[in-house]
Structure formats: C-alpha cells, structure tokens
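There are 2 protein chains.
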Amino acid sequence: MAAPCGKAYEAMERSLRARVPPLLTDLYQFTMAYAYWSSGRHQEPAVFELFFREKPFGGGFSLFSGVHDCLLFLRSFRFTEQDVEYLRSVLPAATDPAFFQFLQGLDCTAVTLRSVPEGTVVFARVPLMEVAGPLAVVQLLETSLLCLVNYASLVCSNAARFRLAAGPKKKLLEMGLRRAQGPDGGLTASRYTHIGGFDLTSNVQAGFLFGIPVAGTMAHSYVTSFSSLEEVWPQTLVAANGNRDPVDLISLTRGRLCRLCDLLGAEPGKINEGELAAFLSYAIAYPHNFLPVIDSYSVSSSGLLNFCAVGLALCELGYRPVGVRLDSGDLCRQSVDVRRVFRTCRDHFSIAAFQSLVIVGTNNISEQTMVELSKKENEIDVVGVGTHLVTCTRQPSLGCVYKLVEVRGSPRMKFSEDPEKSTVPGKKAVYRLLDCEGHPFMDLLCLLEEPAPQAGQTFSCFPLGQEVAAQLVTPAQVTSLRQEVFSKGQIKHPLCSASETRAKVQSSIQNLHPRHKSLQEPESYAVALSEKLHKLISDIRRGSGGGNTGSFLLAN
Amino acid sequence: MAAPCGKAYEAMERSLRARVPPLLTDLYQFTMAYAYWSSGRHQEPAVFELFFREKPFGGGFSLFSGVHDCLLFLRSFRFTEQDVEYLRSVLPAATDPAFFQFLQGLDCTAVTLRSVPEGTVVFARVPLMEVAGPLAVVQLLETSLLCLVNYASLVCSNAARFRLAAGPKKKLLEMGLRRAQGPDGGLTASRYTHIGGFDLTSNVQAGFLFGIPVAGTMAHSYVTSFSSLEEVWPQTLVAANGNRDPVDLISLTRGRLCRLCDLLGAEPGKINEGELAAFLSYAIAYPHNFLPVIDSYSVSSSGLLNFCAVGLALCELGYRPVGVRLDSGDLCRQSVDVRRVFRTCRDHFSIAAFQSLVIVGTNNISEQTMVELSKKENEIDVVGVGTHLVTCTRQPSLGCVYKLVEVRGSPRMKFSEDPEKSTVPGKKAVYRLLDCEGHPFMDLLCLLEEPAPQAGQTFSCFPLGQEVAAQLVTPAQVTSLRQEVFSKGQIKHPLCSASETRAKVQSSIQNLHPRHKSLQEPESYAVALSEKLHKLISDIRRGSGGGNTGSFLLAN
Numbered sequence: 008m009a010a011p012c013g014k015a016y017e018a019m020e021r022s023l024r025a026r027v028p029p030l031l032t033d034l035y036q037f038t039m040a041y042a043y044w045s046s047g048r049h050q051e052p053a054v055f056e057l058f059f060r061e062k063p064f065g066g067g068f069s070l071f072s073g074v075h076d077c078l079l080f081l082r083s084f085r086f087t088e089q090d091v092e093y094l095r096s097v098l099p100a101a102t103d104p105a106f107f108q109f110l111q112g113l114d115c116t117a118v119t120l121r122s123v124p125e126g127t128v129v130f131a132r133v134p135l136m137e138v139a140g141p142l143a144v145v146q147l148l149e150t151s152l153l154c155l156v157n158y159a160s161l162v163c164s165n166a167a168r169f170r171l172a173a174g175p176k177k178k179l180l181e182m183g184l185r186r187a188q189g190p191d192g193g194l195t196a197s198r199y200t201h202i203g204g205f206d207l208t209s210n211v212q213a214g215f216l217f218g219i220p221v222a223g224t225m226a227h228s229y230v231t232s233f234s235s236l237e238e239v240w241p242q243t244l245v246a247a248n249g250n251r252d253p254v255d256l257i258s259l260t261r262g263r264l265c266r267l268c269d270l271l272g273a274e275p276g277k278i279n280e281g282e283l284a285a286f287l288s289y290a291i292a293y294p295h296n297f298l299p300v301i302d303s304y305s306v307s308s309s310g311l312l313n314f315c316a317v318g319l320a321l322c323e324l325g326y327r328p329v330g331v332r333l334d335s336g337d338l339c340r341q342s343v344d345v346r347r348v349f350r351t352c353r354d355h356f357s358i359a360a361f362q363s364l365v366i367v368g369t370n371n372i373s374e375q376t377m378v379e380l381s382k383k384e385n386e387i388d389v390v391g392v393g394t395h396l397v398t399c400t401r402q403p404s405l406g407c408v409y410k411l412v413e414v415r416g417s418p419r420m421k422f423s424e425d426p427e428k429s430t431v432p433g434k435k436a437v438y439r440l441l442d443c444e445g446h447p448f449m450d451l452l453c454l455l456e457e458p459a460p461q462a463g464q465t466f467s468c469f470p471l472g473q474e475v476a477a478q479l480v481t482p483a484q485v486t487s488l489r490q491e492v493f494s495k496g497q498i499k500h501p502l503c504s505a506s507e508t509r510a511k512v513q514s515s516i517q518n519l520h521p522r523h524k525s526l527q528e529p530e531s532y533a534v535a536l537s538e539k540l541h542k543l544i545s546d547i548r549r550g551s552g553g554g555n556t557g558s559f560l561l562a563n
Numbered sequence: 008m009a010a011p012c013g014k015a016y017e018a019m020e021r022s023l024r025a026r027v028p029p030l031l032t033d034l035y036q037f038t039m040a041y042a043y044w045s046s047g048r049h050q051e052p053a054v055f056e057l058f059f060r061e062k063p064f065g066g067g068f069s070l071f072s073g074v075h076d077c078l079l080f081l082r083s084f085r086f087t088e089q090d091v092e093y094l095r096s097v098l099p100a101a102t103d104p105a106f107f108q109f110l111q112g113l114d115c116t117a118v119t120l121r122s123v124p125e126g127t128v129v130f131a132r133v134p135l136m137e138v139a140g141p142l143a144v145v146q147l148l149e150t151s152l153l154c155l156v157n158y159a160s161l162v163c164s165n166a167a168r169f170r171l172a173a174g175p176k177k178k179l180l181e182m183g184l185r186r187a188q189g190p191d192g193g194l195t196a197s198r199y200t201h202i203g204g205f206d207l208t209s210n211v212q213a214g215f216l217f218g219i220p221v222a223g224t225m226a227h228s229y230v231t232s233f234s235s236l237e238e239v240w241p242q243t244l245v246a247a248n249g250n251r252d253p254v255d256l257i258s259l260t261r262g263r264l265c266r267l268c269d270l271l272g273a274e275p276g277k278i279n280e281g282e283l284a285a286f287l288s289y290a291i292a293y294p295h296n297f298l299p300v301i302d303s304y305s306v307s308s309s310g311l312l313n314f315c316a317v318g319l320a321l322c323e324l325g326y327r328p329v330g331v332r333l334d335s336g337d338l339c340r341q342s343v344d345v346r347r348v349f350r351t352c353r354d355h356f357s358i359a360a361f362q363s364l365v366i367v368g369t370n371n372i373s374e375q376t377m378v379e380l381s382k383k384e385n386e387i388d389v390v391g392v393g394t395h396l397v398t399c400t401r402q403p404s405l406g407c408v409y410k411l412v413e414v415r416g417s418p419r420m421k422f423s424e425d426p427e428k429s430t431v432p433g434k435k436a437v438y439r440l441l442d443c444e445g446h447p448f449m450d451l452l453c454l455l456e457e458p459a460p461q462a463g464q465t466f467s468c469f470p471l472g473q474e475v476a477a478q479l480v481t482p483a484q485v486t487s488l489r490q491e492v493f494s495k496g497q498i499k500h501p502l503c504s505a506s507e508t509r510a511k512v513q514s515s516i517q518n519l520h521p522r523h524k525s526l527q528e529p530e531s532y533a534v535a536l537s538e539k540l541h542k543l544i545s546d547i548r549r550g551s552g553g554g555n556t557g558s559f560l561l562a563n
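As given, the protein sequences belong to chains A and B, one line each in that order. Count along the first sequence from 1, add 7, and you get the number used in our numbering. Count along the second sequence from 1, add 7, and you get the number used in our numbering.
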C-alpha cells in the first residue's frame, strides 16, 4: 500500500500536531533554554545523541521507530502566541521579556537530524539519532523526541517478537485500543505494531490516518442482544447470483441445523436460539462477511452448530461464509475440533467453501502463549492480540536517553561511577559491519573525520564494555547506519507509509543472524569504538583527573 | 485552583477532540451497528455497564477516573464527512448507503450516562458506569469509553499508591513524559497522577491544559555544556534590594568556595569548574530560582560545594537559593549528608536561608523504593517519579469491560464456564454502605425498581463470589454511588478541575478503613447483590437450562 496521500495525509499531520504540540515537554527545557539565552550561549552549535542502554524484553535486537513522527514534529515545531503566553505565566518572574520574543520566532530550520531509518534493526548503546543545531533549540527538543521514539520503538520491537513467535504464516491482528495507555497509546501502537509485523488492526482511526488494513466483525454483546428468532428481520436473503426471489433464511438454516444435529450427534436442546438469531441477522446484513464469535454460550454445543447451519444456508444461496472467532478457553484444542467439524460438513454436504474457512483466535494472548501456540497442534489462521502487545506487559518502557556529545566543536562527556552510564563523546559516524553471509555482526562508532572502514580490510577496534583489549575485524561489507533525514527545515526523503516501512522491517529482520534473532537468550551483538574514538575518551578521562580543574580557585 | 476557563478550557476540549475522534474505536462496532440498523433494531433501548473484574496492583481499592474525558467525548461525538467517507471505503461493499446517512446524523443526545463521580474510590465488579440509549449508538461508544477510563483509572490508582507509600508530607513530582506510552500516555498520566495525589508535573502541556502546577530547573546536559568559568556571561548580578551596582558573582562565589573547602576539609582539586560555571550562569539568569542538579560529577566532592558557594553568594546579595536535586546513588544517605552540610553552613555563615533548602530526589523511583524511602532516615522534601509511575510497571493495564445488561427493558446476562466472567443482568442502583465510623464496608447492587436500603435497618443480601449464603447487614449510612452525569446531549454538573478532583480523592481515600487502604495484602471489600437481583439471576439461569431453547428447531 502506498503512502497515504491527500486528505488522509493532511489528517495524519494535523493529528500529530494536535497530539504533540511543542509544549508537550518538560519545564526544565525552557528554564535551561532561558539560562543559555541570557548568557548568550543559545546559538552555540551543539550536538545531542539519542540511544538506549539496555535492549528491551531481554531480546537480541530492537526496531528503531518513531522517526516518521519526529520528522513531522520538527517540521511543524513552532510556538503559538497562546503557548508563549502560558510560558510567561509559569517561568520565573525574573525572565527577561525578550526571551519570549525569541521563543515566538523559533523553529527548526537550523536543526539537522541524522537518524537510523525508521524500522531498522538496532542494538543497545549505538547512537540512533544525532540532533545538531543551536544549543537552546536542540535542548528544547529533548523530551518530545524521546517521547516519540521510546514507545514507538518499544511496541514495534514487541510486535516483531510476537511475529517471530507466531512464524511467518499466521495473520496477526492488533486489537489493543481499549486497554492502551491513553487514546494515543492505542493509536501509536496500531501504527508501530503494523510496522513490526502485524497484518491488521481493529483501530479504525489508525486505518484512516495510516492506511493500515482494518478488521473486525462482532462482539459477544451483539450475540447476547438477541434472545429469539422473532428478532430476526428481515428474515429473507436474495441469492448471490441467479434467482431474485428472496429466500427465507430462517427456514433454510433450521433445516440445516436439524441435519447437523443428526450428523454430529448434537443435542438440539442445548442450542441457544438467541445466538442463532444473532448469526442469522448478521448474515442477512453481511452475507459476504460472515465471521461470528462462537463462544458466547458453548462452542461445541451451540456456537459451532449455529455457525455451520447459517454457513451452509449461505452456501446454498451462493455466498461463502468467512469463518469463526474463538475468544475463550483452550484455543488450540478448540480450533482442531472446529476444523474437524468443518471438514465433516464439507464432505457430508459437498460444500467446498467449508474447506477454506478462517479460524480466528483471541484470548489474552501473550508472547509466551504465542510461543506455546506455535508449538502445539492447532488450526488457527488469525491471532488477535491486545493488552500484552500494546502495553508491553513484560517491559512497559524503553529507556532512550538524549545526551550532549559536543558543544562549539568540542567533545563533551558525562562521567559516571557506573561505567555503563558514561557517555561516548564527540560527533560520530556509525557503521554496520556485515559478514560474508550478509549478516550484521558489529556496529562501529568512529569520529566523524575518520575515513570509513573498508570492506575486506582488517582494522582494530575496542568493543564497548571490554575497552581494554583491542580486537581485529575484517568486514565483508560496510554500510553507514544513519542518514541525514532533516535539515534546513525540510524532510530530506519522502516519508514511507506504515506498510512500506513494514516491508523493510521484515527484510531487515531476515538478514539478522539467528543467534541475534532468537527470542530466548540471544547472543549479544558487538558494538565497538574506533581506535581514535577510544583514544579521545582516554584523553578526556585523563584530562579530567585533576590537572586544570580546581586550579580556578587559585586564579584571580 | 479553579477549573481552567476561557481559552485554556477551549484548548483542553479541542485537544481531547483531536486525541479522541469518534473513529478511534474498533471496526466491529461499525459492523455491529450496521447489523442492528439493517434489522431495524438500532433504536431499541439498551443498557451497557462498565466495570473491572480484578483490582489493579493487588491493592484493596482503585480510583475511578476518566469520566471528565468521557463527558467531553460524548458531548462532541459526531462523525465528519471525511470519517464517513473513510468508513464507506472499509465497510463491506454490501453496506446499504443509507446507513452512512444514518451515521452522518448520529450524536449522543439520546444517550444517558450514569457514573460514579471522577476520582471515587471503587472496587472490583461494581458497575461504575451505566450507558443507556439506542442500541447502535451505545454499542459504538464501547471502545472509546473503555480506552478513556482504563488507563486514567489505572494511573490514578497507581499515583494514589505512591502517595500512600510516601506519606502526606513529601511533595511528589510526576516527570514521566519521555518514557510514557505515546504522547498522550504522557498527557493523560500528568492529569490523572495529579488527581491521584501528585503535587507537581514536569509536563508543560499538562500545566497549560489542566492548570496543574509545573516544576523543573535543569538537567545534566546543562551542567556538562559548560567547561570553564570563562563561559559565564554576564558575570555580575545586581543585589535583590538596595545597591544597584552589579556585583562580580564569580569572585564572590570563589571566595565562598575557598572558605567552604577549609570548613568542610574538601579538596579544591576535585571541584569541577564546568559545573561551577553552569551553576553560576543559572543563578545569574534565575537568582530567585536556584535549584541545580548536583550529581553530574560527584555530589560530595564537587556538586554540593559548588551549590553551597553559589548559594552563599546569592544570600549575600539578598536572594534565597531554593535547593538541590539528587539524581543517582543512595538518595537517602546522600540527602542526610547534604542536609548536614546545609546546617553546618547555616551555623558557620549565619545564613538562615540554608535552614529551609529543598532537597529533591529523582532516580528511577518505584513503589517499592518509595516504601523503603519512607522507612529509612532521609531528608528528601520532593520526590520525582517517572517511568514506574506513568507506565504502571507492576501492571500496565486495567481490564475494564463493557457489558450489555438490558435490551428493550429485558435483562441480559452473559454466562461463562468461569463464574467470574458471568455478568449481572438488569438495570441497577448501586449503594455504598458505611459503618458507624463512616468507613465504607460494602457496595450493594439492587434492581433499579427496588426501594433503597435504609440507614439503621437490617436486611439480607448475597455477597458476590459466595452467592449461596445470604448475609445480614445493618448500614449506619447509605449513599448512592452513581449519578446521572450526561443526558440529552448535556453534561449535567459543572466539570471539576484536576485540582478540585484531587482534593475530593484525598478525602475519599481518608474515609477508607485502613484494612482496605493497606498497600500490602489488603482485606477484600464486600460487594453484594440484593435479594431481588439474586433471584433474577437464579431465574435466568434456570430459564436457560433448556426449557424453551432448542424447541425452535421443532417449531414451524
């Protein structure tokens, strides 16, 4: 599906602006911006990097997402008069009024964003975005950019895990809106779980804004709203082709139901009349789209029989029933039983359409149950996943951070007693090294001015976390991981639709070596520093060890 | 603080409409609505109830929230032409075009919402909302209403637990935006954690839209952006009162720093000059609001000394420094050390302002660390909480459901092999029974037509989950739990601001008996059925046991 265009695209951009106004940030971004401004430092060129320190869900890889939304945010970043008026009321009274004029005129034309492309497979501690521009402006962007990538990347990675657990064949339906963390938690989830590997969403707004295929037929409430066949109206249906005389669908179905009870040895007394009425009524409304939920009372004693009876009647009139949904109990076992009955019907009534009926399973599916489901015998074609997918129950947040690495051309580094929390200074290039089978095996961080590593050439580098020992590597291929995606106020490449990005994601995951793709105890992926970058860190550490610091106390 | 009015109120309503358009729902709501419409049932009066089955976080109570947003949603519920055009493209081709005209004209004027008021203490299995109106319309509202109350109630309840763990004195700051599940996960969290007991938020948009007090001063990036005192500009500050001649703040601070090193036996060589420059620059920009983060390098060897030196210089010029923020390590121990140094300074320099300095602690605080923090000796005045608060790590979703209980005046019930999942049929009144000390001890569900239970009178009822044995109760007070909040398209009561609701919440929690308020292993709260409602359920169960069902197969 192509990128949504025209009205839908405008609606998407409008929706994002409404959901991510420039005030959706932390207050301290403004107090810091003011302090920079009042000391004349606000225009100093600065570089921030965005990365996460720990891989989510204990997995071997993540998918970086949210770039699309960041770009739309940057392009429209501008304070309204009302925004500035509010800021005036909350910033300290001492704030110079000229600062508000400065804010009023701000936009992102002086900001350059270099980023890993949307949906790329990424690893911990690799700088995924580099945001360069005037110190005060790039500081102001921190919270919004983090908010836009943290959850998008988390839920996209979660979806990819569900997809890996399910295997490539099953269709996956996202249906988490009602349990999502806020309306937009639901909307963001629908977009980024599609990118991560889901096929369909129940969320209509996500279909409207992002062009994602939507799906859904009925809930239990529809079934329980019926109590007798008298509520079915109209009771007739015109055949799909040929005869234009309406046929009494109730009588036809009733006949099929009697034969089914005989065939399957079912007890007519246990069949729920309200459920049959609901199915008939839905089938008359949507004869081409008959896929009812069949567990409102009892799948085996009522729902399945009612479905088959209505389905056979539809077939008789030239329609093809679509399938059934199971929403409780042991989905695997039930799906096998249901499929067996479908085959019996196909054979007994010689109805080919019963060969290809779809079985949808939805019942609080977690990654764990998805893994179990793919190991057990089952006949489920479509799996619907809600709560565990969208709220990422196993780990509901990703810890992307935004760290200053350079000011006025001079590298900056944050030290920490916890070595994991120290930052890697300087403006960088990031390369992905591939082995001779095309699998990525290392991401390499270099200083920007260094020449790129060459395919087939051996060089030494320092793996992060074990910086004492250099390691020799010889990549078969080298690719640059990031690209300039925003500069001079413009988005540099055409934005991809959700489904275009989704296709890239799937091939990107396919290129991963199985040892990094495994859901359980994957091998750690190597991230390394170039020799020059490693030396820069050593120099800065040495420089900070006393030397010139503190001496300012003695100076005049 | 009063309800936001005028422009801010309009902005809030506009924001909600943009975040919760009527397409933000599941597709099956439309296919069901069509099936009702095409069988002429769409106008049948129907009643849905909204409730959750399991209390979140293993707690004794929850806070019901999101009503405010539901009301704004209902009032503005209307499909645009563009919405309908999209629906036309995704609903099955067989859909009668007249249905889209029906949708185009839809609004909620025929819907009546009875609800527990915003922020009320509530319990599992009590119907919190009753949505009555035309079957197709109330069906269409399901997903949006669930989405609006599920996360709001969850995060509000989570905030209340943090507040209980922290005790009443500490100020609590919500600062989770960057880790929230989507932009609106952050915005919703800011509003509903304030209602649940937090004092402040870092989220500027939440301050703008909801009037919540905002707070924040500086991040580590601000500190690390400075490397030397030469970057401080201007270097002077005019005293707060009296002398208008600018004073060289660097010299003044440097003198204080030398004396501090002597006083505290600190090593000048370990003091970071960039950090001092950052503090000075911030203090010159905001001399009345000096609250730096002091752990960028080392609290005890650098940050604390730099803070005290600048703080003493500010005091000398007639300003009052505000305090410090600690963002890593053992917050309790550090806060005690910091307070001790503040007292030493107060005594040594005779500076009263150092008596009342604020210590803010922020470092990945969870409910568990908050509990520990309140048990250990510490001097923290303000605790900032982010990720664990807003993403509700312990349980990231609440399972509110929306079940049909009546159609055309006739009660509906969903059976389930799992008794917990069966619904309680019929249109109801819900009463809260209080004991003679004013503590609630039971919520009672009655049929709407029953007389209300009377204070001081003994009657029998059937506790849910143990329906076989009747129990006698004598309430000292009886209150009606729900009220009509929306009808004929109008919101019936003035909407409360976040802070007004917050005040109600706190008194509502205070009325709870400690056995229901305890964070660990609270006692279960009783929810019971009236005798008549209990009998209705028995009758329906008996009626469904065969009898008339199935017989339709034999009829003509």
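Read the hints as simulated data drawn from the structure, not as lab findings. A virtual CB, placed ideally from N, CA and C, is assigned to each residue, including glycine. Keep in mind that a hint or two might mislead.
As the list claims (entries may be wrong) - Just so you have them, the derived chain B footprint on chain A, three or more residues with Cβ under 8 Å: (1) 97–108; (2) 128–141; (3) 223–233; (4) 258–271; (5) 363–370; (6) 502–514; (7) 534–545.
To see whether the hints hold, each was checked on the structure:
1. 97–108: Since three or more residues must qualify, the claim that chain B covers the stretch 97–108 of chain A holds, with 5 doing so at under 8 Å.
2. 128–141: As far as the stretch 128–141 of chain A goes, the hint is violated, because 0 residues have Cβ atoms under 8 Å from chain B.
3. 223–233: holds (count 9)
4. 258–271: holds (count 4)
5. 363–370: violated (count 0)
6. 502–514: violated (count 0)
7. 534–545: Our answer is that it is violated, as 0 residues pass the Cβ test (under 8 Å) against chain B, missing three.
Consistency with the previously given hints fails for numbers 2, 5, 6 and 7, ordered from lowest to highest.
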